[in-house]
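Colleague: Let's have the full structure, built from the sequences with the hints guiding it.
Protein chains: 2
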Amino acid sequence: MLKGHQSWIFNSKPIILGSAAVGGPFEGNGALASDFDIIHEDLWVGQDSFEKAEKVMLEHACARAIEKSNIKKEDINFFISGDLMNQITSSSFAARTLGMPYLGIFGACSSSMEGLALAAQLIDSKSAKYVMASASSHNATAEKQYRYPTEYGGQRPPTAQWTVTGAGAAVLCGEGVGPRVTSATMGRVIDMGISDPYNMGAAMAPAAVDTIEAHFRDLNIDDSYYDLIATGDLGKVGHEIAISLLKDHGIEMMPNIFTDCGLLIYKKDQPVFSGGSGCGCSATVTYGHFLNRMRKGELKRILIVATGALMSPISYQQKESIPCIAHAVSIEM
Amino acid sequence: MLKGHQSWIFNSKPIILGSAAVGGPFEGNGALASDFDIIHEDLWVGQDSFEKAEKVMLEHACARAIEKSNIKKEDINFFISGDLMNQITSSSFAARTLGMPYLGIFGACSSSMEGLALAAQLIDSKSAKYVMASASSHNATAEKQYRYPTEYGGQRPPTAQWTVTGAGAAVLCGEGVGPRVTSATMGRVIDMGISDPYNMGAAMAPAAVDTIEAHFRDLNIDDSYYDLIATGDLGKVGHEIAISLLKDHGIEMMPNIFTDCGLLIYKKDQPVFSGGSGCGCSATVTYGHFLNRMRKGELKRILIVATGALMSPISYQQKESIPCIAHAVSIEM
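Read top to bottom, the protein sequences are chains H and B.
Residues in the first sequence are numbered from 1 upward in steps of one, following the numbering used here.
Residues in the second sequence are numbered from 1 upward in steps of one, following the numbering used here.
These are computed hints drawn from the structure, not numbers from a lab.
Any given hint could turn out to be false.
The list makes no distinction among identical chains, and a pair is therefore deemed to hold if it is satisfied within one copy or across any two copies.
As the list claims (entries may be wrong) - Calculated pairs, SDA-like style, for lysine to any residue (alpha carbon to alpha carbon, straight line, at most 20 angstroms): (1) 3 <-> 126; (2) 144 <-> 219; (3) 144 <-> 314; (4) 126 <-> 177; (5) 73 <-> 2; (6) 126 <-> 218; (7) 129 <-> 180; (8) 13 <-> 2; (9) 319 <-> 44; (10) 126 <-> 2; (11) 72 <-> 12; (12) 129 <-> 219; (13) 144 <-> 313; (14) 296 <-> 198; (15) 73 <-> 190; (16) 73 <-> 60; (17) 68 <-> 241; (18) 73 <-> 175; (19) 126 <-> 174; (20) 129 <-> 9; (21) 13 <-> 1; (22) 72 <-> 219; (23) 73 <-> 218; (24) 68 <-> 1; (25) 296 <-> 15; (26) 126 <-> 12; (27) 296 <-> 228; (28) 144 <-> 316; (29) 126 <-> 219.
Given the structure is predicted, the values throughout are model-derived calculations rather than measurements.
Modeller: What follows is the structure, encoded as structure tokens:
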């Protein structure tokens, strides 16, 4: 149900029956390794292209989420998925394997929460019995697509982020036990004129702030409602900008509740510069780490604000700045 | 509300308050020229890149649809849009201009009806008061992206289709006067192994047939329910395959009701080989021509089955076949 101008309240509180996170070798050495269901030691996942590797990881995440949900694949009405590839081929090719009615979405790294929000909305409005939402990214496919192939060994500035090799999936339904999706706020596109694809945290921070403000306004709450508010992948640079922008807008976040998936996923000694990024970042940290913490009783109410940089290789070559967006989803135990 | 496995029935029958179609010079010489709200004589639309031209056309279609709906831009809760570009930049950059909460979608040429179905679903479930759905394509941007830049002058086989330069938009709401969206069926990905990007009609026909069958099954109706059933952009080759496949599945479509947007949009003497294609094809033919015919009382019940080829330049280079999908939306007067 619409709440305010751009938010949904899910009165039936759709349940995340099962969720799964799959990661690559770098994530297996990261800070949240134990929260992944599957870690692939091979960046190629046994495939002959990185694109196929990403697709296979996404399929693994979906298969594991279905298994953990104790339902049959055929019960799922709609599969909603997005990724960073041209024409979201990782999602569409996984949808071919799954054979389910499919809604392709694109919000760059915000696709993870765009998908979860739509999935909850479909369950809450009785437009589906079971929906699966997923998102993925792969370091080598994203670098090739947006910047340079990793084999090229190009130098990266300290503001650069490390695209997560990972896929996350969640199965939602109207009945059962598990964390519940209670509301969502869909973001506007915000563009402050940054055009450097090696500084996406700074580009995306204003979009995160805009969506957090809209969420609090639409739901008439403040940050004290949540145990944890995590942006998707602002990294170190963007996280500091977001804190400062929020302060300018009169929102002083408690430092112990405001964090970023891109800051959590890797260890301090991993050479990821400003932090993790990619759809796979917010998807794996949410569907793995955060939901595990909720199931253990460590977190009761969380807000995930997935951020996305809506540029393309062509828009960058044509010297356009980077339009950004953030979608927020509230999950409660 | 879910009906069957993959369809939605919209009990409140959301209303298309206003809709608009914008076309390029080739469309202005086409069979449906009089159904376009704006025809640009300049393929560049006064911009310095074809990508910007496509974005501007999409903005024009949205602006005109809002104007015809007699509402304020600020009333719109959500903007849902998709196109064929890498990372759907036409839609995302238009969303930046519009400043509305934005849901990016991708279903290749099926994006037009994926967007309309989601828009109607949001209105019907009271998740929005006003939603705008749109889609666009541009001949020169799509050819550059998927095949060769048009300046290259590459030869095309007779099975090739002509990507429509056009954008369509529709504003939906729960109250008012106009054509009403009554149901939708979301398609599965179907891939019969065709890998030739110059023969997308043949690749997409099985997906159209699968969705039409699912629509009839879920709603317990047959083709006699409709005055007109139009696929998105199968063109001549794909249309004939679809007729034959439907026959194999026991569905004998009346020839006077079963047509294809890609067969209607151009004149017989235009060199478009197998017919029109692109998100802009089903979007402009539906939001212009078909809705105009409905408003004139010539059509009462139509089913638009927008078809999409979910390949990317990379998946083609990696010799993958083309996964296809079709989403169907029913509109009644």
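Colleague: Evaluate each hint against the coordinates.
Modeller: Going through the hints against the structure:
1. Taking the closest pair of Cα atoms, residue 3 and residue 126 come within 20 angstroms of each other both inside a single copy (18 angstroms) and across two copies (10 angstroms).
2. Taking the shortest Cα distances, residue 144 and residue 219 never come within 20 angstroms of each other, neither inside one copy (40 angstroms) nor across copies (45 angstroms).
3. In this assembly of identical chains, residue 144 and residue 314 lie within 20 angstroms of each other by CA distance both inside one copy and across copies; the values are 13 angstroms within and 11 angstroms between.
4. Taking identical chains as interchangeable, the C-alpha atoms of residue 126 and residue 177 lie at most 20 angstroms apart only when both belong to the same chain, with a minimum of 18 angstroms there against 26 angstroms between chains.
5. For the homomeric pair residue 73 and residue 2, the shortest alpha-carbon distance between copies (18 angstroms) is at most 20 angstroms, but the shortest distance inside one copy (30 angstroms) is not.
6. Taking identical chains as interchangeable, the C-alpha atoms of residue 126 and residue 218 lie at most 20 angstroms apart only when they sit on different chains, with a minimum of 16 angstroms there against 23 angstroms within one chain.
7. For the identical chains of this complex, residue 129 and residue 180 are intra-copy neighbours only, at 15 angstroms inside a copy versus 25 angstroms across copies, given an alpha-carbon limit of 20 angstroms.
8. For the identical chains of this complex, residue 13 and residue 2 are neighbours both inside a copy (14 angstroms) and across copies (18 angstroms), given an alpha-carbon limit of 20 angstroms.
9. Proximity of residue 319 to residue 44 under the C-alpha cut-off of 20 angstroms is restricted to the inter-copy arrangement: shortest distance 18 angstroms between copies versus 33 angstroms within a copy.
10. In the homo-oligomer, the alpha carbons of residue 126 and residue 2 lie at most 20 angstroms apart both inside one protomer (15 angstroms) and across protomers (6 angstroms), since each shortest distance falls under that limit.
11. Neither within a single protomer nor between protomers do residue 72 and residue 12 lie at most 20 angstroms apart by alpha-carbon distance, with minima of 23 angstroms and 32 angstroms respectively.
12. Taking the shortest alpha-carbon separations for residue 129 and residue 219, only the inter-copy value of 17 angstroms comes in at or below 20 angstroms, while the best intra-copy value is 26 angstroms.
13. Both within a single protomer and between protomers do residue 144 and residue 313 lie at most 20 angstroms apart by alpha-carbon distance, with minima of 10 angstroms and 13 angstroms respectively.
14. For the identical chains of this complex, residue 296 and residue 198 are neighbours neither inside a copy (37 angstroms) nor across copies (54 angstroms), given an alpha-carbon limit of 20 angstroms.
15. When the C-alpha separation of residue 73 and residue 190 is checked against a cutoff of 20 angstroms, the pair qualifies only between copies, where the shortest distance is 17 angstroms, while the shortest distance within a copy is 38 angstroms.
16. For a Cα distance limit of 20 angstroms, the shortest separation of residue 73 from residue 60 inside one copy, 13 angstroms, qualifies, whereas the shortest one across copies, 42 angstroms, does not.
17. Taking the closest pair of Cα atoms, residue 68 and residue 241 never come within 20 angstroms of each other, the shortest separation being 38 angstroms inside a single copy and 41 angstroms across copies.
18. For a Cα distance limit of 20 angstroms, the shortest separation of residue 73 from residue 175 inside one copy, 17 angstroms, qualifies, whereas the shortest one across copies, 38 angstroms, does not.
19. In the homo-oligomer, the alpha carbons of residue 126 and residue 174 lie at most 20 angstroms apart both inside one protomer (8 angstroms) and across protomers (18 angstroms), since each shortest distance falls under that limit.
20. With identical chains, the CA atoms of residue 129 and residue 9 are at most 20 angstroms apart both within one copy (18 angstroms) and between copies (14 angstroms).
21. Taking identical chains as interchangeable, the C-alpha atoms of residue 13 and residue 1 lie at most 20 angstroms apart whether they share a chain (11 angstroms) or sit on different chains (17 angstroms).
22. Proximity of residue 72 and residue 219 under a CA criterion of 20 angstroms is satisfied in neither setting, with 36 angstroms inside one chain copy and 23 angstroms between copies.
23. In this assembly of identical chains, the alpha carbons of residue 73 and residue 218 lie at most 20 angstroms apart only when taken from different copies (19 angstroms versus 36 angstroms within one copy).
24. For a Cα distance limit of 20 angstroms, the shortest separation of residue 68 from residue 1 qualifies neither inside one copy, at 29 angstroms, nor across copies, at 27 angstroms.
25. When the C-alpha separation of residue 296 and residue 15 is checked against a cutoff of 20 angstroms, the pair qualifies only within one copy, where the shortest distance is 16 angstroms, while the shortest distance between copies is 46 angstroms.
26. Taking identical chains as interchangeable, the C-alpha atoms of residue 126 and residue 12 lie at most 20 angstroms apart whether they share a chain (10 angstroms) or sit on different chains (14 angstroms).
27. In the homo-oligomer, the alpha carbons of residue 296 and residue 228 lie at most 20 angstroms apart inside one protomer (15 angstroms), although the nearest pairing across protomers, at 55 angstroms, exceeds that limit.
28. For the homomeric pair residue 144 and residue 316, the shortest alpha-carbon distances inside one copy (14 angstroms) and between copies (16 angstroms) are both at most 20 angstroms.
29. Taking CA atoms no more than 20 angstroms apart as the test, residue 126 paired with residue 219 passes between copies only; the shortest distance there is 16 angstroms, against 22 angstroms inside one copy.
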